[in-house]
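K.L.:
Could you build all of it, start to finish, from the sequences and the hints given here?
Quick note, the sequences are listed as chains A and B, same order.
Heads up, the first sequence is in my numbering, so the first residue is 463 and it goes up one at a time.
Heads up, the second sequence is in my numbering, so the first residue is 10 and it goes up one at a time.
One or more hints might be untrue.
According to the in silico footprint, chain A covers these stretches of chain B (three or more CB under 8 Å from chain A) [unchecked claim]:
1. 32–43
2. 211–224
3. 233–241
4. 377–390
5. 476–488
Don't read these hints as lab results, they were simulated from the structure.
For clarity, every value in this text was computed on a predicted model and none was experimentally measured.
Every residue gets a Cβ at the ideal spot worked out from N, C-alpha and C, and that includes glycine.
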Amino acid sequence: MLSLLFLVACDGGPETLDAPTPRADAPEAARPVVIYSGRGESLVGGLFETMEAELGIDVEVRYGDTPELVTLMLTEGAESPADIIFAQDSGHLGALANRGMLATLNGDLLKTADPRFQDADGRWVGTSGRARVLVYNTDLPKDQLPTSLKDLADPKWKGKLGWAPGNGSFQAHVSALRHIWGEDETRAWLTAVAANEPVVYPKNSPQVEAAHTGAIQIGWVNHYYLHRKKTDGYKADNYSFAAEGDAGNVLMLAGMAVREGSERVPDAEKVIAWMLAEPAQNAFAIENFEYPTRPGIKTHPDVPPIDSLKLAKVEQAWLADLGPTRAMLQDLGLQ
Amino acid sequence: MSASRLLAAATALLVVSPLVGLLVGLANPPPDPFGMPQLSLVELMQRSRALELLRNSVLLSVAVSAGAVVAGGWLAWAEQRLDYPGRSVLATLSLLPLASPSYLVAATAAVAFSPGGFVGDLLGLPRLSGLWIAALVLAVVCAPYVQLLVGAALARCPAAEEEAARSLGASPLQAARIAVLPRLRPAIALSALISLLYAISDFGAVAVLDCPVLTWRLYEAVKGQQLPQATLLGLAVMAVTLPLFVVGRLVHGARPQRGTANPRPPERRRPGAAALAGTYLLHGLVIGIGVALPVATMGGWVWGGIVRDLPFASPWLATRDTLLAALIGALLTGLLAVSPAWVAARDRRAVAVPVEQATLLTSALPGVLLALGLVLAALQLSRSMPDGRAVYAALTGSGVLLMAGYAVRFLAEGFAALKTAILQLDPRQEESARVLGASRARWLRQIALPALAPGVAASGLLLFLAILKELPVTLLLGGAVGLKTLAFRVWDRYNEALWHDAGLSGLILLGLSLCVVVATLRWRRHV
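P.N.:
See below:
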């Protein structure tokens, strides 16, 4: 334990981006930078390989579900081998930050990403985003679609909706709603939508297929699954609310952070910087159909540009406020 | 005998270590990362409607167990005792759901049976969900366990006893009850118990089918970084399981069964029309839901990917990792299961009961909680050592923790098959061998081991297949070893809606299992 404290005390401090890599005689220098990745291998595995070749930094990526990896990291505490956590949902980065598990990132690094899409205290930075949208069956005329997220509570949608209350993005979005609308209004809205008996899905992606087959008319999802699926004649499409700042128009972030106490801070920050640089940001946009967080990078031509989304004003801390959201969902019997 | 007890005690210690880790974690709960107050057990029970979930869990697992025993038991009987066209092929195919991960079966069944799916549209079904569908899917997945274990016991039932009963005027049914059932009781009880544990610890199928049971809430608690609450719910799961063990003992019978060496199997009978129709229906149900539907669905995904010219990831490394993990894991877990199985089958009851219960205790816990429990136990251990961080890194990086995870998760499965085999050793042969001056080692080598071979094969097969499709333990503990298995691929690609790539890995996984099952069955027949 003492030696551990010593290690942390010696190597833990944040350093600048161009600081030399650790001394060659340091025993830790040989080991790879360990990344706990809640983002799937199919999304980021290729990027990590390219990055290793370009930066000359060895990384060891351990994939898993974001919530489980965060639980693992919280359990391991100071003994955690993780240097970087790459989370699918920024809310979980907030949870780690709240527990003092994340180091403050280099200011120059943070400047490369849109200030809206990072932690206010600089402990994590968003690497790409997914828009919350409705996915609908295209037999439904577009002018009959709800004009606001609130309209999903309309009884005319009874038996036609799908949602995934166990999903991370769903819960983060409801957390945002609690701050935008207030607790009571959110609770009332959830109750009313639940009264419409939406089909409950374990995750987002099956809703897209269900909208295509007509099993549901409208699902509440993230935007990018559709683009993976879409072919000529595909009978589902995405829909964002037309009203400026509608509470339904929210961007969910995937993000990266460095573990407080990591002995590989400079290399870890180089890895994050690489993910925020143009090539990686272009890959997120073009190959994954996501929204880049670096300003000036174009989205995929099939994906509406970020400025057309009319996003609601959301503080990142709201998305991490998951505890009361889970309590509310449990109280309402939705979870 | 003391050596086997010592080994059994060491194994039991390993099995309960994640529990100890979790309990220590429960004693010093970390603050909630979302700043929520820590709930007491009572509050937690109320908030999560734990009693309702508990009732559902018990209902589900009892239904699964009963369904699996009836279906698997009948199929075992049909395989061993009946003569009908296609028997051998159908019996083998009916074992294949062993290879299908429950979440995959549930996912494909849910799609096929719901509106828009081909079965759902054909029969005009409403959207299915809830306990009974989960019970059907899990019973289909568990039935092969029963077929395998009961089948092995049936194969070792001597015809002489049945014929004696018949010659004394018993009807075929009476003869089966008097002469066969007592010999099958250990196998039935243990396979029922395995199905029960499988159903109560499964969360994949219940998650896909939106079925409110205890493990589902427990998983949510892990996802919500509320490990203390997950531990409490885990303890509740185990509390439910303990009385089931007692029931298992009662069904099992008070005394170890006496086996017979080189049993002569009875003649196969031709079943009547109703029995034949029922047998084919059961085969169809198990093969259809458990294998054909997942294969057809995944084949469709792969075909869709080929048509749309989507890129597929090379599956070779994942296949190699899968085989490595399953081979080493099955070998180690099988070895670990030997001493407790020996003690439980042959030692005095006073020792046998706690050994058996310790062995089975943690199998009711879902993999994700066991893995975190092992992490906690490893952390406790390494923090008590001088260079704790290095010790912890060594434990995780060397794969020790991963293999411990497989052992803890699946020991019950290896144990059950081994114990039934050991129970069926013929004590008269042992006595004869000793009287004739053979050493214990020689008896073991020349008599016991050959007789145990089918049981060992069954045990190894079950373990290999279990690890082949395992996911949560591999995800949490296998990352440190750099392991990326086919099950990981399926999960990773399915999560990202890359169905074509998920389908390819899933089909290879099923193909591998098919080879294993067929090879082992052939080998079993030659013994």
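K.L.:
For every hint, state whether the structure bears it out.
P.N.:
A quick look at each hint next to the structure:
1. 32–43: holds (count 6)
2. 211–224: holds (count 3)
3. 233–241: With 3 residues close enough to chain A, the hint holds.
4. 377–390: Held - the segment 377–390 of chain B has 5 residues with a Cβ nearer than 8 Å to chain A, which meets the minimum of three.
5. 476–488: With 4 residues closer than 8 Å to chain A, the segment 476–488 of chain B meets the three-residue bar; holds.
Hint check: no violations occur; every hint is consistent with the structure.
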